[in-house]
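Below, each chain spelled out in residue letters.
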Amino acid sequence: MQIQLEHLIPEPLIEIAPKQSGIWLQQVILAPSQWTQLVAPSGSGKSTLLNIIYGTRTDYQGQVWIDGKSTRSFSADDWAQLRRERLSVVFQDLRLFADLSGWDNLLLKQQLTETVNKEQIAKMATQLGIMRLLDKSCGTMSYGERQRVAIIRSLLQPFEYLLLDEPFSHLDEANRQIAANLIQQACTQRNAGLLIAGLGADKYFTYHQSLQLDETNG
Amino acid sequence: MKLTGKIFWGKQSRWQLIVATGGFWIGLFITLLSIQFYLDIRQITKRSEDEKNYIIVNKTVNMANMFDKTISMFTEAQLDSLQGQPFVKDMGLFRTNTFNIYADVSEQMGLAFDLYMESVPTRFLDTIPASFEWDSTDNFVPVLVASDFLRIYNFSLAMSQKHMPQLSPLTIQLIPIKIKISGNGSSRILTAKVVGFTDRIPSVLVPEDFLLWANEKYGNGPAPQPTRVILQIDDPANERIKEYLTAKNYDTNADDLRLGGMANTLQIISAISGSIGGMFVFLSFAIFLMNFQLIISRAKVEIGILLDLGYRPSELAKTLNKQFMFILLGCAATVLATLAALVAALHSLLNSYGFETGGTVSWIIPMAAIALVLLLQAFIYLGIKAGIKR
Numbered sequence: 001m002q003i004q005l006e007h008l009i010p011e012p013l014i015e016i017a018p019k020q021s022g023i024w025l026q027q028v029i030l031a032p033s034q035w036t037q038l039v040a041p042s043g044s045g046k047s048t049l050l051n052i053i054y055g056t057r058t059d060y061q062g063q064v065w066i067d068g069k070s071t072r073s074f075s076a077d078d079w080a081q082l083r084r085e086r087l088s089v090v091f092q093d094l095r096l097f098a099d100l101s102g103w104d105n106l107l108l109k110q111q112l113t114e115t116v117n118k119e120q121i122a123k124m125a126t127q128l129g130i131m132r133l134l135d136k137s138c139g140t141m142s143y144g145e146r147q148r149v150a151i152i153r154s155l156l157q158p159f160e161y162l163l164l165d166e167p168f169s170h171l172d173e174a175n176r177q178i179a180a181n182l183i184q185q186a187c188t189q190r191n192a193g194l195l196i197a198g199l200g201a202d203k204y205f206t207y208h209q210s211l212q213l214d215e216t217n218g
Numbered sequence: 001m002k003l004t005g006k007i008f009w010g011k012q013s014r015w016q017l018i019v020a021t022g023g024f025w026i027g028l029f030i031t032l033l034s035i036q037f038y039l040d041i042r043q044i045t046k047r048s049e050d051e052k053n054y055i056i057v058n059k060t061v062n063m064a065n066m067f068d069k070t071i072s073m074f075t076e077a078q079l080d081s082l083q084g085q086p087f088v089k090d091m092g093l094f095r096t097n098t099f100n101i102y103a104d105v106s107e108q109m110g111l112a113f114d115l116y117m118e119s120v121p122t123r124f125l126d127t128i129p130a131s132f133e134w135d136s137t138d139n140f141v142p143v144l145v146a147s148d149f150l151r152i153y154n155f156s157l158a159m160s161q162k163h164m165p166q167l168s169p170l171t172i173q174l175i176p177i178k179i180k181i182s183g184n185g186s187s188r189i190l191t192a193k194v195v196g197f198t199d200r201i202p203s204v205l206v207p208e209d210f211l212l213w214a215n216e217k218y219g220n221g222p223a224p225q226p227t228r229v230i231l232q233i234d235d236p237a238n239e240r241i242k243e244y245l246t247a248k249n250y251d252t253n254a255d256d257l258r259l260g261g262m263a264n265t266l267q268i269i270s271a272i273s274g275s276i277g278g279m280f281v282f283l284s285f286a287i288f289l290m291n292f293q294l295i296i297s298r299a300k301v302e303i304g305i306l307l308d309l310g311y312r313p314s315e316l317a318k319t320l321n322k323q324f325m326f327i328l329l330g331c332a333a334t335v336l337a338t339l340a341a342l343v344a345a346l347h348s349l350l351n352s353y354g355f356e357t358g359g360t361v362s363w364i365i366p367m368a369a370i371a372l373v374l375l376l377q378a379f380i381y382l383g384i385k386a387g388i389k390r
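Those sequence lines, one after another, are chains D and H. According to my numbering, the first sequence is numbered sequentially starting from 1. According to my numbering, the second sequence is numbered sequentially starting from 1.
Derived from the structure by calculation, the hints contain no laboratory data. Quantities reported herein were computed from a predicted structural model and do not represent experimental measurements. Using N, Cα and C, we set each Cβ at its ideal position, and we do this for glycine too. Incorrect hints may have been included.
To be verified - Part of the chain D face toward chain H, derived, beta carbon under 8 Å:
| id | residue |
| --- | --- |
| 1 | 57 |
| 2 | 73 |
| 3 | 80 |
| 4 | 95 |
| 5 | 99 |
| 6 | 100 |
| 7 | 116 |
| 8 | 119 |
| 9 | 123 |
| 10 | 178 |
| 11 | 199 |
| 12 | 201 |
| 13 | 203 |
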């Protein structure tokens, strides 16, 4: 899957976006299977960018192309299909169901494609140290625990690109390494592209390219 | 899809659901009850309306008739004039027997008497039992009797004569009546049976073809001109009918014509009850849809997350739709059951006041319930689709 950004700018940023952004109003190509690091200070719009690519925000100018098709032309069913089988995401706000248990949150994703079986889910949860917590409702978990649930959830489907928005912000060093290994494994297995947005450079992945969202501050 | 249902309903306040469902239940109940009332009242008024559209006309009897019975007969010209009136939709002639009839129920009731028979064309009868058919190869003659005759027998004659029992409509239909018809030099024994009762025509009626056959074979002389005719009229309130009958010195059995046009109170009542029913339909719909909008908007965030996960809007709409359908059908089923019980109870109450209602829920009611549920479901489906789209 190739994602192409053409003169993209979110409407709220039109007045205040810096002239030298590596993304906004530029031509950006996220090539298939390419791993990209997106460095951006908070408030510069990286979550907005991920939401635009994922189709959950439409208040922008310019174009987003996925495999040569403008995402503006996608129907609700097209998006559903894409989110099931080709594009996965961990949002910064995680978007878990607080009232459901960790397990139910994971099964909601798992049952859509059944790419990963329950034993494999349990294995990942054990590696990340949240196996015992999965019966608790997500609302009662700590943010770090929820982050791990969301990371596992993003790996329970086929995908050609994985979008991660500050996925490790509330994890300790040991869990960051384990999570990074799981992600790396899943992407390699699927030959998938990866786009990680973070506040600064990280050492967990080997990136093909690094983009600065806001060069004046970066 | 069980989990998606859990997410959706988990967000709803229990009270709100109960109130929304309860509101719909009551709304549906009152709506269907109004329709049932409307149908019942219409049935009652329609029956009496129908009756008012049939009048029996004869000439006024005065002293002269005592000496010359033919004065009572309608001439062909008079019949043509009557039939030609704009208010007459249809006209039927009463035929009467020109032979002798002797009825014998001495075995059953110790009674034997001279009898007369009349006939009108079948289309003028209010009740036509299946057995009211004459077969020329059979010795059986079916008879329709005016309900009033039975009343007179039961409450006047039988009460005054010790050896005469009172008879229910069902019993009287079981009694075979031996009749002997004679004239024109021959006679025949036949068996007659009362097969039904008529409120419209105060007479003893036999099938017209039987009477024509018997008059031909046993009649003493040619059939006389009719003395009574039955008319189907367009509107009993039409003043011209009264004017015409008075001018011709004709008499009629119709009270309403004599009294002039009476206000159709019951019809007005039924119209009012119908429009109140319509208002309830509208209100219950509005209440339910408003509650429903609230239920959908409460789950807006959850629906959004499900879409983010890759659930199809159509899939979610279908699941939610199914669950609402379940609620609506559950309501409809319990409402219908309650209604059936209530109508049965009301039926006996109404009957005690002399109104005859079916006593069962009209087939229109379940149809109306299904139609309302489907209509509401269509609105809900559109609402869900609109609510899920972002």
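So, going through the hints one by one against the coordinates:
For residue 57(D), the suggested interface contact is broken, since its CB lies about 10 Å from the closest CB of chain H, more than 8 Å. Here the hint on residue 73(D) is broken, as its CB sits about 16 Å from the closest CB of chain H, past 8 Å. At about 4 Å, the closest approach between the beta carbon of residue 80(D) and any beta carbon in chain H falls short of 8 Å, and the interface hint on this residue holds. Because the beta carbon of residue 95(D) sits about 5 Å from the nearest beta carbon in chain H, less than 8 Å, this interface hint is met.
Here the hint on residue 99(D) is kept, as its CB sits about 5 Å from the closest CB of chain H, short of 8 Å. Because the closest C-beta pair between residue 100(D) and chain H is about 7 Å apart, less than 8 Å, the hint holds. Violation of the interface hint for residue 116(D) is found here, the shortest Cβ-Cβ separation to chain H being roughly 14 Å, above the 8 Å cut-off. The criterion of a C-beta within 8 Å of any C-beta in chain H is not met by residue 119(D), whose closest approach is roughly 20 Å, and the hint is violated.
Interface restraint check for residue 123(D): the shortest CB-CB distance to chain H comes to about 22 Å, outside 8 Å, so the restraint is violated. The beta carbon of residue 178(D) is not positioned within 8 Å of any beta carbon in chain H (closest approach about 24 Å), and the interface hint is therefore violated. Annotation: interface hint on residue 199(D) violated; nearest CB of chain H at approximately 23 Å, more than 8 Å. Interface hint status for residue 201(D): violated, as the beta-carbon distance to the closest one in chain H is roughly 28 Å, over 8 Å.
Annotation: interface hint on residue 203(D) violated; nearest CB of chain H at approximately 30 Å, more than 8 Å.
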